[in-house]
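Student: So you can see what is in the structure, the chains are spelled out below.
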Amino acid sequence: MSLIVSNLSKKYGTKTVLNNLSFEMPKPGVYALLGTNGAGKTTSIRMMLGMLAKDSGEVLWNGKPLDTGTCNVGYLAEERGLYPKYPLMDQLVYFAGLRGVSKAEAKKRIRYWAERLQVEEYLYPAKPAAGKGRARAKAQKPKLADQLSKGNQQKIQFMIALISDPELLILDEPLSGLDPVNTDLFKAVIREEIAKGRYLIMSSHQMATVEEFCTDITILHRSEALLQGNLNEIKKGYGRVNLRLKTEQDISSYIQRAGVTQLTEKEYEYQLKVTGEDQANQLLAQLMNDRVRVITFDLREPSLHEIFVSTVGGEVHETE
Amino acid sequence: MKQNKGELQGVGKVFSFTFVQFAKNKANMISLIIMLVMAIFSVPVMTLFSGGGMAAGETSKIAKVYWQDETGFSVDPEQIAREDSYYKDTMFEKASFPMEEFASQGEDNAVYVLFSKNETAGTTVSIQCLPENEPSDSDLSMLETLMTQSLEQAKLSALQVSGEQKDTLMAGVSGQVQTMEEYREGEEVNWGLQYGLQLVYSIVVMMVSIFAVTYIVRAVVEEKASKLVEMLMVSVQPLALLVGKILAAMLYIFGYFAILLAGFCISWVVTSRFMDVSSITDSMAASGFSMDLLNLSPATVAIIVVSLLLGYLTFSILAGLSGTGCSTMEDVQSASTLSTMLIFAGYFVAVLAGSIGEDAFHIFASLCPVISVFCAPAQYILGNIGIGILLLSWVIDAAVILLLTLFSARVYRALLMYRGSRPTFRQMFVMAKDQSS
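Line by line, the protein sequences are chains A and B. For the first sequence, this note's numbering gives the first residue as 1, with consecutive numbering after it. For the second sequence, this note's numbering gives the first residue as 1, with consecutive numbering after it.
Next comes chain B alone, as it looks inside the complex (with noise of 0.2 Å):
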């Protein structure tokens, strides 16, 4: 009869029922079944907040739009409505009445904007519709844009100010803190962008690593607590049941954010049907965030992909040591702690590392262990280290996995058969040392 009892023999057994009880763990089915409707309803709202919404070819609801220019400023807003095609069916008429008889003249479906100037407030954009007619909130705030625009332009034009100067003074100002090195080498340097991304990818990070150590600590104190492990150590060796469970979990987690970014894409792919979702990419535009400065090609995937994965067989091991030292359930939340610092402490560091410019920092926190698996890739993409730094941390990252993997499976066989309060590292330690003699 063929059994597993070869060092990692049986982590298919042990990978394969755990996977499923995962899957098939009830909690595990509502959060996942909660935050994909999150991800599949995430485009329509975020677009509707971001001030896009409207469908592709919508018109706006106002019908007329009496104005009154009071600032001298010779305003057109009939001009630059024309030049929108949301305005096709929106009539702009200059008003022969004030606005006080706005509600006894003007026609139904229809508002009042006034131009006006004072010495207090400078010039304003006064808009008045009625009680019983009102337009919907973004119809409102899209006209205030335009009106304001159209006031913005008048005023321009009253200083005599050419086209090409109007451009140039509606462009903004970006600013841009560069050292010396950098300006002479012409490296161009986006602050928001930098902390941006690594913020976004640390946060990834933290959040597969905190679903690894949740799921790894419960499973491997529950088959403790459960006082399975005699059972089970019969038919497979300890560390065949800590990479089973590992694999496993991490096959869980990756194809639930996979599954939650199917979610997402699919949302944008069906929104961007039937609304303009340009203004999520506009805002994203706006704080220096373009998918096109993340250089997205395939090795940068992979990239991404290895650096996870790192990240995850670290705090993966760390998370069985320390669940198996525990006897009871109630121990889960303390064996959690060690880990859960650690990420955090890794988290922090990497957002650290975004809001500094220093290169030796940059290359000490893609190097040092733990942290490297928050800052590595993200600093990579962002061009602050090389290719060389970024695999020189990854081989750090590898070789602390494998003295973890080498540790747990010497001192993984005693822990299981540990009953009493958590033992400490020097404990861990002295086991180890009893099992290799």
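Isolated chain A (complex conformation) (with noise of 0.2 Å):
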């Protein structure tokens, strides 16, 4: 199987959103799609989906053209929602039921969700103990969606992205909003959907997740793809120029004839950008030689959100 996706271009009236974005996906993995706001993400996921006619491109699933129809696709939309009166259960047979899952099933997969996403309570009222007139207690009504918390809803929005069991799992911003016990929680899904081999594709604005799971990436600014490929081979192409070095002296003067750029310092703990491995190593040869003693020298590879924050050049740009 392989996702294919070539020069997909969106404008409405004279204002392109997407210009010629093409990504590859041949085997099971993660893709990352970044931006800044109104950068393209959702337009071109919802262009992928058929949500939004295209302009020109196409997008092909096993060589051919994608069709929700034919391709288990599962998706979970940046604009969330769920019937806010409606019961909760009916809503997941409905939903499973419109991607072709038997109720039977989709009850069976229901109960599986939701003990894994800690919804049971909701989905699951809790029966009448048992005794007479006073005693006994009046049985839980099932709840609606309003009656849920933000995180919670978000939980069973991801069941419903989740229960067709799909092979190409889409999920645009899927942490946001959530508080760090349900962050961990999702996270442990989506490693665990990634293990099963999907093909995941993801959008987030958290770049620190982002490098926890995604191989290849791509970042769009203003609808254009100014920066994609293997995320590691991105980073091996800026080299490793972020060195932390602790000390127990002030080296602020050794810094500055190095030529090195100082980013922070707190209790000589310095975050500094160096040109390369080079540098930081004449760095550290001047600070041996005066005897200063080093506590720690790390010298890395920039992270995903300076690589982001250098292509799209510090800028945001609202548009959407």
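Honestly, the hints are just simulated from the structure, not real lab data. Possibly wrong hints are sitting among the right ones.
[Said to hold, decoys possible] Derived lysine-lysine pairs resembling DSBU-like cross-links, with alpha carbons at most 35 Å apart:
| # | chain 1 | residue 1 | chain 2 | residue 2 |
| --- | --- | --- | --- | --- |
| 1 | A | 187 | A | 64 |
| 2 | B | 117 | B | 94 |
| 3 | A | 107 | B | 227 |
| 4 | B | 26 | A | 143 |
| 5 | B | 94 | A | 103 |
| 6 | A | 196 | A | 236 |
| 7 | A | 85 | B | 117 |
| 8 | B | 24 | A | 141 |
| 9 | A | 187 | A | 107 |
| 10 | B | 26 | B | 227 |
| 11 | B | 26 | A | 108 |
| 12 | A | 27 | A | 246 |
| 13 | A | 108 | A | 196 |
| 14 | B | 117 | A | 150 |
| 15 | B | 227 | A | 11 |
| 16 | B | 433 | A | 127 |
| 17 | A | 108 | B | 24 |
| 18 | B | 117 | A | 64 |
| 19 | B | 227 | A | 150 |
| 20 | A | 103 | B | 26 |
| 21 | A | 246 | A | 196 |
| 22 | B | 227 | A | 143 |
| 23 | B | 433 | A | 11 |
| 24 | B | 227 | A | 108 |
| 25 | B | 227 | A | 187 |
Each chain sits in its own coordinate frame; assemble them with the hints.
Tutor: Here's what the structure looks like:
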């Protein structure tokens, strides 16, 4: 199986919202669509899924145009919602049915995901306690969507995306608005899905999360793909330029003499930007020569966050 | 894995889910229960208000009627009372004392009837009852009617009018206005029936259409405002979403009316066992309306159902389109406005068609889209248009529905994704053009 997106473009009148986006997923993995607000990430996803008409380009799944009728797609939209006044179980069974999952199978899967995502209490209300008259507790009514917190609603929406056991999973900002505990829970589930060999496309602003999961990325800015490729290769291209140095004394003069850029300093712990390994090694040699005690010397490639910011020029472009 | 992605695939799932949610909705349940209770109680209430209400075999609670005739027309109320089984237990007796002494000399549970004559008021029927033994209002009302009839007959007898002449005079007068053509063809035109039938049918269409618009706009906007459409559109085509909702609302609304009709029929059957419901049919007949005149054959019922369905579909698709242009629940009211205005326009023209006798107008109203769903079947039943015009009106309505469906299929997807102020028709046409290119 493979996913190929080629030359996807979209204009609204004279305004281009996506220009010639192309990327490939030849094997299962995680592909990240990154970009500032209004860069065209959600538009790309909507066009891939056929919700928006394409001006040009194509999306191929196994060499054929991607059709959500034949390809089992799970989608967690950025704009999330549920029917506010309908029982949650009815909604889950309905969405599963629309994806071709039988009612009996849907109920099994709902039970599994309810346990996994810790929302059983909302889907399976407690039965009344045994007893007579006043001693007998009243049966709880099934919960409606608007009685749930935002995080729990997000779990139900995640269940909807996963209920058809999809081959291609598209998650648009999956972790936004979650507390740290639920973020970890979602991350664990995403890891499990990756392990199952899914094709996963993720759009997010949380670079640390993307970095944790993704093998390949596209950075979109003002409708254009500015940077694309394998994340490790991209990082290697930038070289090891981030230096964290901790000493027992002030070394500002050494940093200045070496021509290294100092980013931050706190209690003799320095975040430095070097031009490469040679410059870092020269600085270290100088310190050793003068018997300055070095506690930490950590030379790394730039983080995805840094790559992103340097790619889009630190500019936040609001268009959507 | 079988999935629902054909243009209309998934309609069944959308239909069943939407219908179940309509039926489970508390507000809908309460409204249905209230309407059903009203339907069940409608027949006994109507019977009582139309002067009926007595049980089969029931007799008057008035034990004795004293009467005195001061008109000089030789009124004999006893004779007319003998012909009415309702008074079989009531004794009629010519009073041997004046009305002023009724309180002291009259028996309990009796009334005193005085037939009098004066220059200003002509003849008068006065009924006096004892305060502690006052009969029911309906008993008094029926006695007054009977005594008035008795006085009328006595006046005619005094004028030496024969029995046949009396029947002629008592039969009343009905008016009829005809064109020369109708007169030559011997057609009977009943304006009351014309107007009444058209009005009743238009009200039914209006109710069904307004229900449809309300339910569909709300269902569509709720889905859009809840930001669900993207999740849905992965699994089902936009047109299937709309069609599923329209069919669910149709089953719910027609089921709703069928339940109310069943409630009314049960009420009629049960009430007629205990009360005389003929007063309702008599009242309708007095206004020129009779079920016989409707010629309510299976073919007529089929014509009404087909026309109602065409009307329902027209307004439903319009409602779906207007609803999809909205982004929030606050827009529901304004989204319903266009469809509601069209419904009212159709209704008012239909009412006009009921009161205007011009054939050309009847044909226009039966063929004009939107208006025709209110007019065509009623005008056909009344004989104002032929089967050809009726069928042509159906073809035109079906063509309009088809065009609206094709337009919806093109624009519905773009409208579902649309966010912002409600788009104009021009913007919708641009969207349709974009989708087709």
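Student: Determine for every hint whether it applies to the structure shown.
Tutor: Here is what the structure says about each hint:
Our distance criterion of 35 Å between C-alpha atoms is met by residue 187 of chain A and residue 64 of chain A, whose separation comes to about 31 Å. In summary, the hint linking residue 117 of chain B to residue 94 of chain B is supported, as the alpha carbons are separated by about 18 Å, within the 35 Å threshold. Our distance criterion of 35 Å between C-alpha atoms is met by residue 107 of chain A and residue 227 of chain B, whose separation comes to about 24 Å. Annotation: proposed proximity of residue 26 of chain B to residue 143 of chain A holds, straight-line Cα distance about 15 Å (limit 35 Å).
For the proposed pair residue 94 of chain B and residue 103 of chain A, the alpha carbon gap of about 83 Å is over 35 Å, so the pair is violated. Simply put, residue 196 of chain A and residue 236 of chain A have alpha-carbon atoms about 28 Å apart, close enough for the 35 Å limit, and the pair holds. Straight-line distance between C-alpha atoms of residue 85 of chain A and residue 117 of chain B comes to about 73 Å, which puts the hinted pair past the 35 Å bound. Under the criterion of a C-alpha separation no larger than 35 Å, the hint pairing residue 24 of chain B with residue 141 of chain A is consistent with the structure, at around 14 Å.
Of the pairs offered as hints, the one joining residue 187 of chain A and residue 107 of chain A holds, with about 24 Å between alpha carbons and a cut-off of 35 Å not exceeded. Distance restraint check for residue 26 of chain B and residue 227 of chain B: the Cα-Cα separation of roughly 23 Å lies within the 35 Å cut-off, and the hinted pair is therefore satisfied. The straight-line distance between the Cα atoms of residue 26 of chain B and residue 108 of chain A is roughly 29 Å, inside the 35 Å bound, and the hint therefore holds. For the suggested pair residue 27 of chain A and residue 246 of chain A, the alpha carbons sit about 42 Å apart, so the restraint of at most 35 Å is broken.
Only pairs whose Cα atoms come within 35 Å are accepted, and residue 108 of chain A paired with residue 196 of chain A is accepted, the gap being roughly 19 Å. Between residue 117 of chain B and residue 150 of chain A the alpha-carbon distance is near 86 Å, which puts this suggested pair outside the 35 Å criterion. The suggested pairing of residue 227 of chain B with residue 11 of chain A holds, with an alpha-carbon distance near 23 Å, which does not exceed 35 Å. Note on residue 433 of chain B and residue 127 of chain A: the hinted pairing is violated, with a Cα-Cα distance of about 55 Å set against a maximum of 35 Å.
Proximity of residue 108 of chain A to residue 24 of chain B is assessed by CA-CA distance (about 24 Å); at most 35 Å being required, the pair is judged to hold. Distance check on the hinted pair: residue 117 of chain B and residue 64 of chain A sit about 102 Å apart at the alpha-carbon level, beyond 35 Å; violated. With a C-alpha separation of about 14 Å, the suggested pair residue 227 of chain B and residue 150 of chain A falls inside the 35 Å cut-off, and the hint holds. A threshold of 35 Å between alpha carbons decides the hint, and for residue 103 of chain A with residue 26 of chain B the separation of about 25 Å falls inside it, so the pair holds.
Among the hinted pairs, residue 246 of chain A with residue 196 of chain A is inconsistent with the structure: their alpha-carbon atoms are about 42 Å apart, more than 35 Å. Between residue 227 of chain B and residue 143 of chain A, the direct Cα distance comes to roughly 19 Å. Compliance with the 35 Å bound is thereby established for this hinted pair. The straight-line distance between the Cα atoms of residue 433 of chain B and residue 11 of chain A is roughly 14 Å, inside the 35 Å bound, and the hint therefore holds. Only pairs whose Cα atoms come within 35 Å are accepted, and residue 227 of chain B paired with residue 108 of chain A is accepted, the gap being roughly 27 Å.
Distance restraint check for residue 227 of chain B and residue 187 of chain A: the Cα-Cα separation of roughly 24 Å lies within the 35 Å cut-off, and the hinted pair is therefore satisfied.
Checked against the numbered hints given earlier, the structure breaks hints 5, 7, 12, 14, 16, 18 and 21 and satisfies all the rest.
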